[in-house]
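Enquirer: One-letter residues, chain by chain:
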Amino acid sequence: MIAIDIISDGLFAAVAAMGFGSISGPPMRAFPCIAILAAVGHASRYCLMNFLGVDIATASLIAAFIIGTGSVFFGKKVFCPMTVLYIPALLPMVPGTYAYKTVFSLIMFFQEISSPGKGNEYLQEMIYNGSVSFSVLFMLAVGATVPVFLLREKANSMTRGSCFL
Amino acid sequence: MTHEYMVEIADFIARYLSYMLGAGVHTSRVVRNSKRLGKALGVDVSIHTSQKTATLTVSSGTGDRDTRVLDIPAFPISFEWNADLSALSWAAHDRRMTLEEVRTKFDELVSKPGMNPVFVLFMVSLANASFCRLFGGDIWAMLITFTATMTGFFTRQHLMKNKVNHYIVFIVSAFVASICASSALSLGIETAEIALATSVLYLVPGVPLINGLIDITDGHIQIGISRLVNAFMLIVCIAIGMSITLMMVKDSLL
Chain Z
1 MIAIDIISDG
11 LFAAVAAMGF
21 GSISGPPMRA
31 FPCIAILAAV
41 GHASRYCLMN
51 FLGVDIATAS
61 LIAAFIIGTG
71 SVFFGKKVFC
81 PMTVLYIPAL
91 LPMVPGTYAY
101 KTVFSLIMFF
111 QEISSPGKGN
121 EYLQEMIYNG
131 SVSFSVLFML
141 AVGATVPVFL
151 LREKANSMTR
161 GSCFL
Chain S
166 MTHEYMVEIA
176 DFIARYLSYM
186 LGAGVHTSRV
196 VRNSKRLGKA
206 LGVDVSIHTS
216 QKTATLTVSS
226 GTGDRDTRVL
236 DIPAFPISFE
246 WNADLSALSW
256 AAHDRRMTLE
266 EVRTKFDELV
276 SKPGMNPVFV
286 LFMVSLANAS
296 FCRLFGGDIW
306 AMLITFTATM
316 TGFFTRQHLM
326 KNKVNHYIVF
336 IVSAFVASIC
346 ASSALSLGIE
356 TAEIALATSV
366 LYLVPGVPLI
376 NGLIDITDGH
386 IQIGISRLVN
396 AFMLIVCIAI
406 GMSITLMMVK
416 DSLL
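As they're listed, the protein sequences go chains Z and S.
For the first sequence, the working numbering gives the first residue as 1, with consecutive numbering after it.
For the second sequence, the working numbering gives the first residue as 166, with consecutive numbering after it.
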């Protein structure tokens with residue numbers, strides 16, 4: 001049962017990454033790599049959060065680091081710069097529900113502004129959700145960029161000798 | 166190297182540079198690739214970039230130089246250009262291509278047709294439906310998200326085609342997608358709120374957000390901040406579009 005949960009999590013993440021990636025027009029040869037990276041990344045975040053009790057920001061950082069490192073490996077295979085592979089793969093990890101709740105609490109705060117008790121509650125909820133979404137977004141970007149600094153030479157010559165030109 | 170030939174090279178590098186920046190490639194890659202291309206053609210290249218314009222100086226070894234300011238055209242983000250044009254700069258460097266060869270190859274690469282818009286529409290809707298599942302939505306919530314995204318993204322594609330201001334495009338498409346998704350509330354679906362929350366996420370400007378952070382960590386702080394501010398404005402627009410819906414349906418959400 002646990003295995004099915006993990007696999008389906010990875011599968012849906014892969015579909016989401018390919019779909020969101022297609023807005024930015026990646027080359028066709030990049031799609032399988034994007035799918036694999038997104039599935040591995042999202043499934044590992046799922047495992048970290050549900051089985052090891054890691055918090056969402058740290059788990060996102062680790063998952064983004066895995067995706068970034070993977071994109072160095074795959075980028076050399078399909079001659080794509082790292083960003084082409086890891087940006088779409090990161091998109092399924094964007095903290096959507098937290099972002100939504102931030103906006104919703106902001107609106108409700110203004111609706112309840114005259115009753116101090118309820119207004120306070122919504123304001124608190126807004127700050128809570130806002131900080132989670134901001135930190136997760138930040139961690140995602142940082143985690144995926146760290147491999148670029150560690151493997152500078154390799155990361156900068158990804159498209160050298162491309163046979164797709 | 167004659168002055169005319171150098172100006173010709175400068176013309177080409179200016180085009181190369183503006184296409185790459187316009188298609189949403191992060192700054193340090195653009196600078197690195199343009200310098201590499203310049204070196205392959207026998208000139209030195211220095212670049213200063215900002216959000217809408219760039220300054221380019223091309224100098225030959227003999228003290229002859231050409232400086233110009235160029236406008237950056239607003240292309241849709243294209244990862245394909247990112248990959249292909251980077252590969253072109255390496256090919257020019259490794260295979261010692263002439264200016265004529267590089268220019269022909271460049272024209273060929275940028276005139277490749279993009280992805281079919283109907284295919285993109287379908288893929289994005291499917292993606293948002295899976296996204297809804299990741300957040301814990303059930304099958305009915307997924308279906309609602311699928312249709313809502315399809316309507317919203319279709320609106321966005323059409324408004325973009327008619328060159329409407331992009332802030333307005335974002336507000337309107339966020340509103341259309343979320344109002345469609347709010348039908349889940351009246352249908353009494355258990356995870357309706359998740360459908361409503363995910364329906365607008367296809368609009369999140371992920372590429373400028375991550376590019377902005379990459380630029381800042383690479384030391385191109387000014388353009389990095391410009392990109393982040395740009396992305397932040399779009400997120401505010403999504404929030405405005407969704408708030409209009411939330412104001413209308415908030416009573417059934419509590």
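In short, the hints are calculated from the structure, not lab data.
Since the model is a prediction, treat every value here as computed from it, not as a measurement.
One or more of the hints may lead you astray.
Unchecked claim - Restraint ranges, calculated between C-beta atoms of paired labels, are given here: (1) S:F240 / Z:L165: 19 to 25 angstroms; (2) S:I400 / Z:V146: 32 to 38 angstroms; (3) S:D236 / Z:E153: 44 to 50 angstroms; (4) Z:D5 / S:D259: 43 to 49 angstroms; (5) S:F287 / Z:K77: 44 to 50 angstroms; (6) S:L418 / Z:K154: 48 to 54 angstroms; (7) S:K326 / Z:R160: 51 to 57 angstroms.
The beta-carbon is built from N, C-alpha and C at its ideal position, and this holds for glycine as well.
Enquirer: All the hints need checking, so say for each whether the structure fits it.
Expert: The hints, checked one at a time:
Checked against the given bound of 19 to 25 angstroms, the beta carbons of F240 (chain S) and L165 (chain Z), roughly 20 angstroms apart, stay inside it. Range check, I400 (chain S) to V146 (chain Z): Cβ separation about 25 angstroms, and the 32 to 38 angstroms hint is violated. The given range of 44 to 50 angstroms is broken by D236 (chain S) and E153 (chain Z), whose C-beta atoms sit roughly 34 angstroms from each other. Our hint of 43 to 49 angstroms for D5 (chain Z) and D259 (chain S) holds, since their Cβ atoms are close to 47 angstroms apart.
Range check, F287 (chain S) to K77 (chain Z): Cβ separation about 27 angstroms, and the 44 to 50 angstroms hint is violated. A hinted range of 48 to 54 angstroms holds for the C-beta pair L418 (chain S) and K154 (chain Z), which are about 49 angstroms apart. Between K326 (chain S) and R160 (chain Z), the C-beta spacing of about 37 angstroms breaks the proposed range 51 to 57 angstroms.
Of the numbered hints stated above, those contradicted by the structure are hints 2, 3, 5, 7, listed in ascending order.
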